[in-house]
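Undergrad: Heads up: the sequence lines are chains A and B, in that order. Under the working numbering, the first residue of the first sequence is numbered 1, with each subsequent residue one higher. Under the working numbering, the first residue of the second sequence is numbered 1, with each subsequent residue one higher.
Any given hint might turn out to be false.
Taking lysine-lysine pairs in the PhoX-like style, the calculated list, with each CA pair at most 20 Å apart, reads [to be verified]: (1) A/137 to B/252; (2) A/14 to B/203; (3) A/75 to B/203; (4) B/229 to A/249.
Just the calculated beta-carbon pair ranges, DEER-fashion [to be verified]: (5) A/310 to B/107: 28 to 36 Å; (6) B/42 to A/271: 31 to 39 Å; (7) B/331 to A/29: 30 to 38 Å.
In short, the hints are calculated from the structure, not lab data. The structure presented is a predicted model; accordingly, all values stated were derived computationally and were not measured. No residue lacks a Cβ here, since even glycine has one placed at the ideal position from N, Cα and C.
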Amino acid sequence: MAECVKVCTQNFGKGAQDIEVYKKLGGYANISERLFNMSQFELIDYVQRSNLRGRGGAGFPTGMKWSFVPRNSGKPVYIVVNADEGEGGTFKDHFLMLEDPHRLIEGLIIAAWALGSRAAYIYCRGEFLPCIESINKALNQAYAAGYLGENIMGTKFCFDIFVHRGAGAYICGEETALINSLEGQKGQPRLKPPFPAVSGAWKSPTCVNNVETIMALPWILQHDPSEYAKMGTPRAGGTKVFCISGDVKNPGVYEAPLGTPMMTMINEYAGGVVGGKLKAVLPGGSSCAPLTAEEAAVATMDYECLASMKTMFGSGAMIVINDTHNMVDLLNCLGNFYSHESCGQCTPCREGTGLLHRMLNLIVEGKGHDGDVELMQSLCGGFGGVTICPLSISLGGPVSSYTAKFRADFDEYIAKNPDHAKPRVQETYRPGIFW
Amino acid sequence: MREHIQGAVQFVSNNRLKFDRPAQPIEALPDPGQTFGYVNKEVPQPSPKEVLAKLETPEIKERCADLLSRYPVGQGALLEVLWLVQGVFGWVPREGIRWAAKVCGCAPAHALGVATFYTMYNHAPKGKFLLQFCRNISCTIKGAPALIAHVEKSLNIKTGETTPDGLFTLLQVECLGSCGNGPMMLVNDDFATDVENDQLVMKPGTTLTEESIARILKWCYAHEDNVPKHDVLGGIVKGHGGHPGAPGATAKPQVADYAPPSPVLNVKAEADENGATLTWKGAPEFTKIVVEKKNGSKWDVVGEPGVKDKAFVDAAGKVGDVYRMIATSGERTAKPSNEAVTTQKPAPVEEAK
Ligand SMILES: Cc1cc2nc3c(=O)[nH]c(=O)nc-3n(C[C@H](O)[C@H](O)[C@H](O)COP(=O)(O)O)c2cc1C
Ligand code: SF4
Ligand code: FES
């Protein structure tokens, strides 16, 4: 395994939760040395040239997103850190915030300077109380050291960071739902446009960025953006914190350049597949299409390659599955998950995810019928473009691809029903209350 | 999430509407006890007086004031104030929700809607130790279902239930964001895969096993009378002045000119028979741009392109001339751009037909 530059995880295990240690490791040097001489425009250009793309899932170029935020609109500009990590298989933000909270704070100061933001909110999911404690401790130290507050280090610049504890809703990871939740409402996504960059929290320009995106900024400013862009692929620069979980010897978070081959990640970083032969890999969290072992052998971990294989890079969360598992059981987990987390605004999503969930449950219980798979596939076809947010597709996509790639697993389960050849009685899969 | 709708529909159909079709038992989706205490279940509520006595203390008042100062609109603090209520009672009684609504200046119905939307607010008292097991995909791969069944058996309760001694409540939840250590559980607010030095720990490379669960349960029994308690909002941050304009905040708004004014970036000059063509990258806030050409040790102004223009042509320009651009935004003039040395424009490549 080639030694790679560590951008976000360089301080892991070094006790960088303490500001003195963090400063000794080179932290906050940007703030005292470079940042205050730069204009907003130069800084945004800097980030654009680094080719940094959002690490939260959508992979939108960060510099471009920032350039959409209107300056001098007369309204305050908010930065909201998306720390509502809830996607199955993703756990990088959890450890990034636990191990290196000051890097997040330093990154936020840089982002605030670029956007002219006065207040930033870290929206942390409710389950991550240890992370919130770690950040709050770091915030207290940063305030005491004068990196936050009014007239930071003698400049005219004022900036505050607040932590907002969420209360358990995966959908609040979607940026507009996150903003609703920050405003003290139900976490239901909003229709776009207007996009948050123009009209987000309290109708003001709002920039929502993932924890890892923000934490890459101090390194980029410290080095040259071209050095960051050099790592990675031509269209997406830098390194990525991958989370590898499932059937591997050493699951965990590993930082590697974008474009690393998938099998290198699995065999060299995570110590190889255990418990059986490789059956499938989910490359980007629970809502992406799985790759079979043959596809995984040729895949590289970057946005373009995975998109060309009809799956997605997502949050870089690789879930490795060996051949002792039946894919229907795993899809059933996702059915549970997405139908429970649907916010209930859009009928196709609320009903559709519930129906898929119910049908998967029946199949797993041994009550499947011939034709169920086709029925589920036709249901998934009804999600595209008709819902407010992509959550419905996050289940629809996996259902279509699991059924297409692992049809034998479904047939195996359906064959357990002695009456599987008989047509299904409709009542058995009606959810009941919504009909 | 969808429970708040299910609950409402069930409530309506139980109590209000009479459908002309025969009454049917309403079948909820099979969802083993994820949310604790459904909206439509009758839960004995403490008296309003009792609730207010516990909530209206100087300490909580101070924290509420701090929370309210952070958001431009009071309602922003609603989730956090509900957390304070849950911190006092371990769950959110109806009167507590009403109180939170009053603190944040929103309608009680809105606060109830919010409190029932998010799954982490409990609407009924729970055991001293809330055990939440992840049942999502990574943990399932690593054997979560068997482990949950094992815990159900050893505590002799089902998911969603509380042990008769009031110690444990068992829930199954979605991904806890620690899949690398999966199967994963939360004991109240702590991620736990084992016990070490009398503390719950989640160390890299460790996962829950039947043995480590036995150790964790033993730890719980040992701490029955002094359950370790975290601050619900992870501690207090001192030093901030709040959000400008919020009640109680001392913060001033950001001034527009805190940073140096934006210069023109990335100026390039290329010459052909028509003169030198300049391209550059400009900021949206520019109000004036001036192009200058080097003349010995001086700079001569050669033109003033529009702020929205994409290119500028100096008809007298030739290869080797040096240009720079100076931008003004409002009252402030920025430092000069990079100095661009004019190069020969490459001949347009003939496309092979
Ligand atoms: C259903 C859904 C859930 C999401 N969950 C998360 C999440 O947990 N964390 C995250 O950073 N982004 C999440 N996103 C992506 C955000 O909407 C958004 O794209 C991201 O926060 C932008 O930040 P970035 O540009 O830094 O990636 C989610 C999106 C959707 C549609
Ligand atoms: S698609 Fe689903 S989760 Fe997204 S807004 Fe619609 S109902 Fe809510
Ligand atoms: S899947 Fe269990 S913690 Fe993520």
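Undergrad: I'd like to know which numbered hints this structure contradicts. Please list them from smallest to largest.
TA: Numbers 1, 3, 4, 5, 6 - these are the hints that the structure violates, sorted from lowest upward.
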